[in-house]
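J.: Listed below, chain by chain, are the residues.
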Amino acid sequence: MAYIPFIVVVWILMVGLYGIVTSRDLIHLIICLIVVQSSTYVLLLGVGYVTGAVAPYFYDVPVHTPAVDPVVQALALTDVVVEAAVTALLLAFAIQAHKRFGTLDPHELASLKG
Amino acid sequence: MTQAQRRLAFLLGSAGLAAFYLWGLFGLPGFGNYPGPYGFIINRIAVGQTDATGVVSTVNFEYRGFDTVGEEFILFAAAAGVATVLRRLRGEQERPAVDEAADRQVPPTSSAIRMIALLFTGPVVVMGWWLASHAQTNPSGGFQGGVILATAFVLIYLSGEFVVFKRISPVDVTDVVEAVGAGGFAAVGVSAVAMGLPYLSNFLPLGSVPGAVSSSGTIALISFFVGLEVAAAFILIIGELLEQTLLIRQGGQ
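Which chain is which? The protein sequence lines are R and L, in order. This note's numbering applies: residue 1 is where the first sequence begins, and numbers increase by one. This note's numbering applies: residue 1001 is where the second sequence begins, and numbers increase by one.
Some clues are possibly wrong.
Stated by the list, open to error - Listed next, with one range per pair, are the computed distances between beta-carbon atoms:
1) L:N1033 <-> R:T65: 14 to 20 angstroms
2) L:G1122 <-> R:D60: 26 to 32 angstroms
3) L:G1196 <-> R:V54: 37 to 43 angstroms
Unchecked claim - Examples of chain L residues lying across from chain R (beta carbon under 10 angstroms, computed):
4) R1006
5) N1043
6) A1046
7) V1055
8) Y1063
9) F1066
10) L1206
11) L1241
12) Q1244
Said to hold, decoys possible - Rough simulated footprint, nothing fancy, chain R against chain L, three-plus residues with beta-carbon under 8 angstroms:
13) 1020-1033
14) 1121-1131
It should be emphasised that the hints constitute simulated quantities derived from the structure, not laboratory data. None of these values were measured; they are calculated from a predicted model. C-beta: ideal position from N, C-alpha, C; glycine also.
Please take these sequences and the hints and turn them into a complete structure.
T.: What follows is the structure in structure tokens.
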């Protein structure tokens, strides 16, 4: 049972990748990319978890209480920020693609370029 | 390549990827058996070293503060990138946000939405500000607080007032706030250098009680600057995206 979170990680990654490959709309494709990235949050938090430990905040618990790894949690925060930045840029590109070619379908966009 | 062929190629390739990925993950210590030692060491020493009880913020703004400078500038660059990609191109022109088909039937923004947006705007500002200024004590920080602060402006847009949204977040002002936020973080680091300490050293007094708002030295200060930067960056990005759909149209008049 100790590996179920890791199976979930692979499952989320695969679902997102399937969505990207079969996508017929750039906005849908961008959301699928967010799904792919979500798998990394589960992985990061799963790797640092300690059974029975508290969150790494010692405001109302004594300092020596066992706590989970704060480093991976900080990395997950970085992950979220990067995702927001990438999503914003991709949405801007999608707007420009639609303005220029009049479609958001990746297949039609590819055939326009030959 | 047809759609079916694409799907088949993907399924074959992804089966291999999934198998190898799972194989690799199963080599890790199982869920809940984190072996350490870095997380345990930081949890043990962080509160004593910085007087901050939120260790995730301590990691972000102190132990790997240099990384977080880069992270903040990723967002800064993204906001600049969105503004560049969505600039007014040749052959496009801005037009005022007026309804040209005044006779069509547009359902007005319901008063329920207006009321809720109005009701939430104040508390959301307070909550965002509280989060951005309490990174040192609890699970909050500049990134979370900044996003929630930006939400307050989106609520105003949701209540049907795009013009008000643009008026209370003029690009000149948000640009300056964003620059102050991003530059402030870097300036905290440079101040440490000017005092003869390594870049981003915690040179401020730590306060006396761990967990107090005034504790933790530069962590609280950096979190405040990050909150400004993130809020301004998100308002800029959202404003640019909305402006595309509402103000800029192709072709001349």
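J.: Holds or violated: the 26 to 32 angstroms window for the beta-carbon distance between L:G1122 and R:D60?
T.: Given a distance of about 28 angstroms, which is inside 26 to 32 angstroms, the answer is holds.
J.: Using 10 angstroms as the Cβ threshold, decide whether L:Y1063 counts as touching chain R.
T.: holds, 8 angstroms
J.: Can L:Q1244 be said to touch chain R, with a Cβ gap under 10 angstroms?
T.: Status holds, d = 5 angstroms.
J.: For the hint on L:A1046, just tell me whether its beta-carbon gets within less than 10 angstroms of chain R.
T.: holds, 8 angstroms
J.: Checking C-beta pairs, does the segment 1020-1033 of chain L have three or more residues closer than 8 angstroms to chain R?
T.: Contact hint for the segment 1020-1033 of chain L vs chain R: holds, 9 residues under 8 angstroms.
J.: For the hint on L:L1241, just tell me whether its beta-carbon gets within less than 10 angstroms of chain R.
T.: Holds - the Cβ of L:L1241 comes within 10 angstroms of chain R, reaching about 6 angstroms at its closest.
J.: If you take the shortest Cβ to Cβ gap from L:V1055 to chain R, is it below 10 angstroms?
T.: holds, 4 angstroms
J.: Tell me if chain R covers the segment 1121-1131 of chain L under the three-residue, 8 angstroms CB rule, please?
T.: Since 0 is below three, the answer is violated.
J.: Using the beta carbons of L:G1196 and R:V54, state whether their distance is inside 37 to 43 angstroms or not.
T.: Because 38 angstroms falls inside the window, the suggested range holds.
J.: Per the CB criterion, is L:F1066 less than 10 angstroms away from chain R?
T.: violated, 12 angstroms
J.: Is the interface hint for L:L1206 satisfied, with its Cβ closer than 10 angstroms to some Cβ of chain R?
T.: The hint is violated - L:L1206 has no Cβ within 10 angstroms of chain R, the shortest such distance being about 15 angstroms.
J.: Does the closest beta carbon of chain R sit nearer than 10 angstroms to the beta carbon of L:R1006?
T.: holds, 6 angstroms
When each numbered hint is compared with the structure, violations occur for hints 9, 10 and 14.
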